[in-house]
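Guided by the hints, dock chain B onto chain P, whose structure is given.
The listed protein sequences derive, respectively, from chains P and B.
The first sequence begins at 1 in my numbering and counts up by one.
The second sequence begins at 1 in my numbering and counts up by one.
Bear in mind the hints are in silico, worked out from the structure with no lab data behind them.
The list makes no distinction among identical chains, and a pair is therefore deemed to hold if it is satisfied within one copy or across any two copies.
Subject to a maximum C-alpha distance of 35 angstroms in a straight line, what follows is the list of computed DSBU-like cross-link-like pairs (lysine-lysine):
1. K12 <-> K277
2. K12 <-> K253
3. K253 <-> K50
4. K176 <-> K277
5. K277 <-> K253
6. K183 <-> K277
Number of protein chains: 2
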Amino acid sequence: MNLILLSGGSGKRLWPLSNDVRSKQFIPIFEQTDGSRESMAQRVYRQIRKADADASVVIAAPKTQVSALRNQLGESIAVSVEPCRRDTFPAIALACAYLRDVKGVCEKEPTVICPVDSFVDDSYFETLKTLSRLAEEGTANLVLMGIQPAYPSEKYGYILPENAEPVSRVRTFREKPDRETAKSYIAQGALWNGGVFACRLGYVLGKVQEEISFSDYYDLFSKYETLPKISFDYAVVEKEPAVQVVRYAGQWKDLGTWNTLTEAMERPDIGNTVMDKSCSNTHIMNDLDIPVLAIGLSDVVVAASPQGILVSNKEQSSYMKPLVDSLEQPVMFAEKSWGSYRVLDAQPESLTVKVTLRQGHRMNYHSHQRRDEVWVVVSGTGRTVVDGMEQEIHAGDVIAIQAGCRHTVMAETDLVLMEVQLGRGIRADDKQKYPLEL
Amino acid sequence: MNLILLSGGSGKRLWPLSNDVRSKQFIPIFEQTDGSRESMAQRVYRQIRKADADASVVIAAPKTQVSALRNQLGESIAVSVEPCRRDTFPAIALACAYLRDVKGVCEKEPTVICPVDSFVDDSYFETLKTLSRLAEEGTANLVLMGIQPAYPSEKYGYILPENAEPVSRVRTFREKPDRETAKSYIAQGALWNGGVFACRLGYVLGKVQEEISFSDYYDLFSKYETLPKISFDYAVVEKEPAVQVVRYAGQWKDLGTWNTLTEAMERPDIGNTVMDKSCSNTHIMNDLDIPVLAIGLSDVVVAASPQGILVSNKEQSSYMKPLVDSLEQPVMFAEKSWGSYRVLDAQPESLTVKVTLRQGHRMNYHSHQRRDEVWVVVSGTGRTVVDGMEQEIHAGDVIAIQAGCRHTVMAETDLVLMEVQLGRGIRADDKQKYPLEL
Numbered sequence: 001m002n003l004i005l006l007s008g009g010s011g012k013r014l015w016p017l018s019n020d021v022r023s024k025q026f027i028p029i030f031e032q033t034d035g036s037r038e039s040m041a042q043r044v045y046r047q048i049r050k051a052d053a054d055a056s057v058v059i060a061a062p063k064t065q066v067s068a069l070r071n072q073l074g075e076s077i078a079v080s081v082e083p084c085r086r087d088t089f090p091a092i093a094l095a096c097a098y099l100r101d102v103k104g105v106c107e108k109e110p111t112v113i114c115p116v117d118s119f120v121d122d123s124y125f126e127t128l129k130t131l132s133r134l135a136e137e138g139t140a141n142l143v144l145m146g147i148q149p150a151y152p153s154e155k156y157g158y159i160l161p162e163n164a165e166p167v168s169r170v171r172t173f174r175e176k177p178d179r180e181t182a183k184s185y186i187a188q189g190a191l192w193n194g195g196v197f198a199c200r201l202g203y204v205l206g207k208v209q210e211e212i213s214f215s216d217y218y219d220l221f222s223k224y225e226t227l228p229k230i231s232f233d234y235a236v237v238e239k240e241p242a243v244q245v246v247r248y249a250g251q252w253k254d255l256g257t258w259n260t261l262t263e264a265m266e267r268p269d270i271g272n273t274v275m276d277k278s279c280s281n282t283h284i285m286n287d288l289d290i291p292v293l294a295i296g297l298s299d300v301v302v303a304a305s306p307q308g309i310l311v312s313n314k315e316q317s318s319y320m321k322p323l324v325d326s327l328e329q330p331v332m333f334a335e336k337s338w339g340s341y342r343v344l345d346a347q348p349e350s351l352t353v354k355v356t357l358r359q360g361h362r363m364n365y366h367s368h369q370r371r372d373e374v375w376v377v378v379s380g381t382g383r384t385v386v387d388g389m390e391q392e393i394h395a396g397d398v399i400a401i402q403a404g405c406r407h408t409v410m411a412e413t414d415l416v417l418m419e420v421q422l423g424r425g426i427r428a429d430d431k432q433k434y435p436l437e438l
Numbered sequence: 001m002n003l004i005l006l007s008g009g010s011g012k013r014l015w016p017l018s019n020d021v022r023s024k025q026f027i028p029i030f031e032q033t034d035g036s037r038e039s040m041a042q043r044v045y046r047q048i049r050k051a052d053a054d055a056s057v058v059i060a061a062p063k064t065q066v067s068a069l070r071n072q073l074g075e076s077i078a079v080s081v082e083p084c085r086r087d088t089f090p091a092i093a094l095a096c097a098y099l100r101d102v103k104g105v106c107e108k109e110p111t112v113i114c115p116v117d118s119f120v121d122d123s124y125f126e127t128l129k130t131l132s133r134l135a136e137e138g139t140a141n142l143v144l145m146g147i148q149p150a151y152p153s154e155k156y157g158y159i160l161p162e163n164a165e166p167v168s169r170v171r172t173f174r175e176k177p178d179r180e181t182a183k184s185y186i187a188q189g190a191l192w193n194g195g196v197f198a199c200r201l202g203y204v205l206g207k208v209q210e211e212i213s214f215s216d217y218y219d220l221f222s223k224y225e226t227l228p229k230i231s232f233d234y235a236v237v238e239k240e241p242a243v244q245v246v247r248y249a250g251q252w253k254d255l256g257t258w259n260t261l262t263e264a265m266e267r268p269d270i271g272n273t274v275m276d277k278s279c280s281n282t283h284i285m286n287d288l289d290i291p292v293l294a295i296g297l298s299d300v301v302v303a304a305s306p307q308g309i310l311v312s313n314k315e316q317s318s319y320m321k322p323l324v325d326s327l328e329q330p331v332m333f334a335e336k337s338w339g340s341y342r343v344l345d346a347q348p349e350s351l352t353v354k355v356t357l358r359q360g361h362r363m364n365y366h367s368h369q370r371r372d373e374v375w376v377v378v379s380g381t382g383r384t385v386v387d388g389m390e391q392e393i394h395a396g397d398v399i400a401i402q403a404g405c406r407h408t409v410m411a412e413t414d415l416v417l418m419e420v421q422l423g424r425g426i427r428a429d430d431k432q433k434y435p436l437e438l
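Excised from the complex, chain P in its bound form (with noise of 0.2 angstroms):
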């Protein structure tokens, strides 16, 4: 099977544990048996290994999240980096010319496109795996999964069939409906459109290339800024008149606010937490390391992180998003493709921040020009590169970075680092880079 993955959102709804560079799909959400804990791309991705070890896997996201897709699903994971931010439309069209022209699979083959944050039990697997086959077998040039309603929402668009069959042709669509409208629909035996669906590699190629001419990936890539913010369902399934549709009845959650996000807690509580015996109904993230104590709260979200504290009513957390706009903050917390940072501290003319880097990994070789900094090394051992110069490091070692100075640090072992960064207007995108020869 080959699969296209779309990691998309910036999840503003499950603040503070998502921010701008963590969306909501890398949230170490689900405890495992060994009290590791998984967030719904690794979940997702780990079902897929299971359902079919051979798949050939895109992920197609921003280029804000590859660090924390190769952090959680490794190294090797094939990433469709869109350039910039469009709609899902470019972002498909693009990881297609991957598959084709980088994983090297066939126009004539299918590929399944689906979301990387469902959650959903095994058997939504082997429904991918029937799209995919009807598909290849190519009655129709677009084959959907249709979602047995749950209740009537108003989130989703419905997908209308012609029949009750478990496979059939759709007859049409409708548009995300009010509650009212919702209820007629099931009554006509509609279904949720989840955004899931197959198609050949070529069927999607056909249509980009009716958009914008281009040659192969590399060449869309670089025209992907022209390319029109529209979405799939808008610009092919839409117009399309030959499109299949599979029911699919099992578990399928979008797990987008707090309140859905809780229910598929294993436990009520992760992270450094007292829950008094007196609450019910509540649930509590705590990401930072001094303790929540919960007491007497009924129906209730706590979540914390460095980004801040979340306290609300369950079902009122679906209406965040305002708030969280309205608190424009800078990002407090980010995993990066050699480790991850933690603000402590924020000054006017001061950060202090806690670099966290995993064994064998290493910064880019930069410069600042308008702050100095000085590392000390809380743990582990290392090698600093500061203008040319190596080093080794450890535990108390302390480094002085003026502005300008090129500087890099390299871990032997888990290393972590205090950085305090010094001087007027410290800005994320002060950062000049060099290429690195030792």
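Relative to the frame of chain P, chain B by itself:
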């Protein structure tokens, strides 16, 4: 008026804004018109000064509170420091000896004794003056304040007066009752015993001499540990046949729990907070830099500090003490005579601490046996002394201090340091102090 203010308590019920070194009376909780914030101790002290600018005030406090008292009430505040924890009888005895032998107050003069953390209006201090005057007149050996009960509380002892006059003899005392018994006391005209009373200074000193022979304050200080752990109520008040009570019907609140404290807050939120209008009867106290976002909460208190995060139903917050005890935390923030510190990050073999020194202040000259330290100057100017070597410091300077090395820092302006402690077995008590001669 001579006044002894009793400053005790650990304040577990106001965790996380109180901790093992910050008692509840030092939490800056009352917002002033200029935007600054005042603690309970500051509020009471300001009210005393307003009622009697010449009052001779001494504060009976454990040594852990001396820095906070001097920071909040001024360097010149008189503190009778309890060398170890006993109970109110020894604390009051020592403070009375302090008034006589350090402040030169005559034994015949009256003194008023009251808690430092009462939430009261100005009429309370007028009543204190009445207590003082009656003690001076000497009709009775002890004059108590009897507080008009607001409800049948189980938290207070009750005073039964002989009659309903504003000033009356006390018929008898009653221990903290259950609710039904409290109702019957109130029906009989009983008053709350708030631990506020007046007597001649010599009266208390005579009672102490009955327990232990001592010459003066300094002698009593050195014998403090041998004094019995007993409250003034048990040791003195309840044995005294000649007791008067003065009725007080003004504002009197014990802000010892989040439920009662939030009732006294001028605004529903303090610090970096966003409270959605869907919240009702909800209070937020945020001492962290990161924002707290509250949505759809009713009857909830949220309190956040470097010590932790409390989210509690207001009423049930009264029962939080055993839960806080179960946390067994190190102290994460503290006021010191020279400023304050805050733990930013704790690892098995390192501690990163933000140290803030106030202009003109300095740390003790000290060393640590089991840890190295690195200071990074974040802002301000000052001087360090490391093994006798003096050095000017500015933002960006780094001072490396090996274990065993004597060191201190003096702030010329307000000064902020990041201190990284490194070593096995980092402990607060690993500290040797030395005299500093420059």
